[in-house]
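Letter by letter, the chains look like this.
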Amino acid sequence: MPPESTETSVVDSTATSFRIQKERTQFLGLTWDECIQWFFGGNALVAVIILGLITFFLFREGSSFFGQNRDNITIYRLAGLEYVDLGRQQEKDHAALSRYLADVRLRTHQYYTVQVGLPAKEASARLKEFDLYAERFARASASIREQLSELSELATDIKARHLENQNLAEKRRQLLAAGKKDEAAAVEILPIDFPVEVAVITSTLPAYAEASASFSKSLEELVAAPPALPDPELSARLGRFQELTRAFIASFPETLASMQSWDATVPVPLSQSFSAFIFGRQWLTASFWQDWYGAMPLIAGSMLVSLIALVLAVPLGVGAAIYVNQLASPVEQRVIKPAIEFISAIPSVVLGFFGIAVLGEFLRIASGWSFLSWVPGFPFAERLNALTAGCLLGLIAVPTIFTLAEDAINNVPRAFKEASYALGASRLQTIIRIIVPASLSGIVSAILLGLGRVIGETMVVLLCAGNRIAIPDFTAGLGVVTQPVHTMTGIIAQEMGEVEPGGIHYRALFVVGLLLFFIALILNYFAQKIVRKYKVSIG
Amino acid sequence: MENTSPAAAAPTRSLAMPLRATPKDDAEPVPTLIDVRNLDFYYGAKQALFDINIEIPDRRVTAFIGPSGCGKSTLLRCLNRMNDLIDGTAVKRGAIKIRDIDIYGPSVDPIELRKRVGMVFQKSNPFPKSIYENIIYGLRIQGVKSKTKLDEVVEKSLRGAALWDEVKDRLHESGLGLSGGQQQRLCIARTIAVEPEVILMDEPCSALDPIATAKVEELIHELKKQFTIIIVTHSMQQAARCSDRTAFFYMGKLIEFDATHNIFMNPKNPQTEAYVSGRFG
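Protein sequence lines correspond, in order, to chains A and B.
Numbering follows my numbering, with no gaps: position 108 of the first sequence is 108.
Numbering follows my numbering, with no gaps: position 252 of the second sequence is 252.
For the record, the hints were derived by calculation from the structure and aren't laboratory data.
Incorrect hints may have been included.
Stated by the list, open to error - Computed cross-link-like contacts, EDC-like style, restricted to lysine to aspartate or glutamate with a CA-CA straight-line distance of at most 16 Å:
1) Lys215(B) with Asp165(B)
2) Lys123(B) with Glu418(A)
3) Lys225(B) with Asp258(B)
4) Lys171(A) with Asp182(A)
5) Lys224(B) with Glu197(B)
6) Lys417(A) with Asp84(B)
The whole structure should be built from the sequences, with the hints applied where relevant.
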């Protein structure tokens, strides 16, 4: 606070030669200086309040998600859907094995047509035995499939009635709130006795065990007598298929045991609601069977795209910063710096448009060039994928990384550079051994802030990442970058407009937003911490 | 800039009795190492040095004195071509020869030159690395890898810079953790580690307290047995105490160059006399 304003009354009229006292203008009891202070302080306060409000709002909207998700998982269990899914997993695994067989067939067909040079018709004829085998394999699961579909209907029916009851209860509550007691009483809710209803489903276990036993027996027979294939490489694949099928058969008793011990009445802990969100591998909404809100595919997508972006942006941004600060002539500096900084002025929707129309198409065509076939993942058919989005995000991160890294390099005292030259170092040695190490923490924080910029970017990924909600297949090695992904930012932008406010889906999107908020917070925190440390060590 | 009052810095010496500037030095002729002829130097369009002619003797301490902006630091930085790093600088006329080689000649590599002509700066500037890494920096960039050789050089250089006993137990701690005087001696050690012939010192003591200054000055006496030293200083006491020859510069011109005791006791030029007696500057 400035010192108290001096009162005019204390001015001594006799002290004319040494006038240091002055009457100050007052406004609402404040001096001019204090008014200015309040104005600036107020501005700062508004910023802090807005940040607080955003945080509070995100937490308030997001926090009740976990309770709702717990209810969501609870009804999944109570209605017996979980039980049915144990069996359905078997069915899915079997289907995957059938697909493996189909893949082997395709390869064999190719072998016949390309390497042996037979016409397609002749090749198909030679595969007749194989086709019969594959058909028998696919049909083996018919008995359990039938049972499972009946069980599914039962479970879905229980769930549907439960949801109907919930709607009715809501209606009654509204009527009561409106004071219409008679009408509220007229709303009839048929209570569901879950244990009894589910017992109908679980009582089929002996029959299911029987079907499962015959299923495993027919599989064993099939595994023991595989069809002959013309090429050792193809036979090896079939061997792998036999191995997988044996492992699949070996898992049957375990599945039956878990179905045996399954209990609908075990309560769902709240922690499961958390872990189902963070580690859940499925983001499945508006499904007739069961909705899942697992953020893993989105987190993995965001991470993959950001990683691609950084791999491109770090060398470009840091390299350009070193060049501009240390090597460029003044003329080059005047051109390059504004040019790079201008990239950040391009609206990201325009970049996304460019990505769809030009870059994605170009990359797809380039991936087909034969001299690039050594690149993992090439060729690919999806025009919109993590690579396209990552390239554009990298472009977006370059100005951030460039500007901050250039600042960091600029802050290296000139004395270090001179000392290095005076000891007989060349320009390159000075840069590599002195300038970069001395500014390393600044460069690292520039990269972290660039990462924050990339993770938060929405428009480009929404337009260019392909928006397939699935964890990318990391077993493809580096080729994973050519797969379409969905991101945390993209899903919010895409789905927020369509969800019912207050519903579980709406809240799930808020929690994704919270997650983004925390990631940005952590990145910024570390970036600032590193910068502070760096200033101490140089200073 | 006179932060080194004679009484505090070296109580046993005085301006009236410069320790090194004995007539004996003048009696025997000393071979010239650096020969500057008719040098005109420009910062862009502004001329900073006018027709400088000076012969700097081998293995002696030569001091450059003069008021701020007189060109003494500029001349110093011409001697190892550090001015090349500043855009727009140019030697427009004349030549600087070290051992009869024109250092501005077309076949001269300034990087090689700077290995032979080392420099210590006004503000101590150890790298943000360990003491050990600071010393061996010059060798590292020359590609020396042998650990025994490096260890040897570190000890020799630190002993040469009278710093070994103070830091031998913390060679791998940051050089920035040393006191100001120690840092400056570390910079000197770093310079002598590459075994130059000439060491240029640009006001090496201007940021040091009197005791640290006295240590560096003692070190200069030791170093001149091996190296040719040129020191730019604002402190006339320092020039008198530790140099054999003194050059007085004013307005970009060399006014007088002579044995140090002549400059201080018996200057020929009235401007020199005015400056050394403290009437201006």
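Results of checking the hints against the structure:
A C-alpha spacing of about 14 Å is found between Lys215(B) and Asp165(B), which places the hinted pair at or below 16 Å, so the restraint holds. Of the supplied pair hints, the one linking Lys123(B) and Glu418(A) holds, its CA atoms being roughly 11 Å apart against a limit of 16 Å. A threshold of 16 Å between alpha carbons decides the hint, and for Lys225(B) with Asp258(B) the separation of about 20 Å lies outside it, so the pair is violated. A hinted pair counts as satisfied when its Cα atoms are at most 16 Å apart, and Lys171(A) with Asp182(A) qualifies at roughly 13 Å.
Restraint check for Lys224(B) and Glu197(B): satisfied, since their Cα atoms lie roughly 10 Å apart, inside the 16 Å limit. For a cut-off of 16 Å, the pair hint linking Lys417(A) to Asp84(B) stands: about 13 Å separates their Cα positions.
When the structure is compared with the earlier hints, a violation turns up for hint 3 alone.
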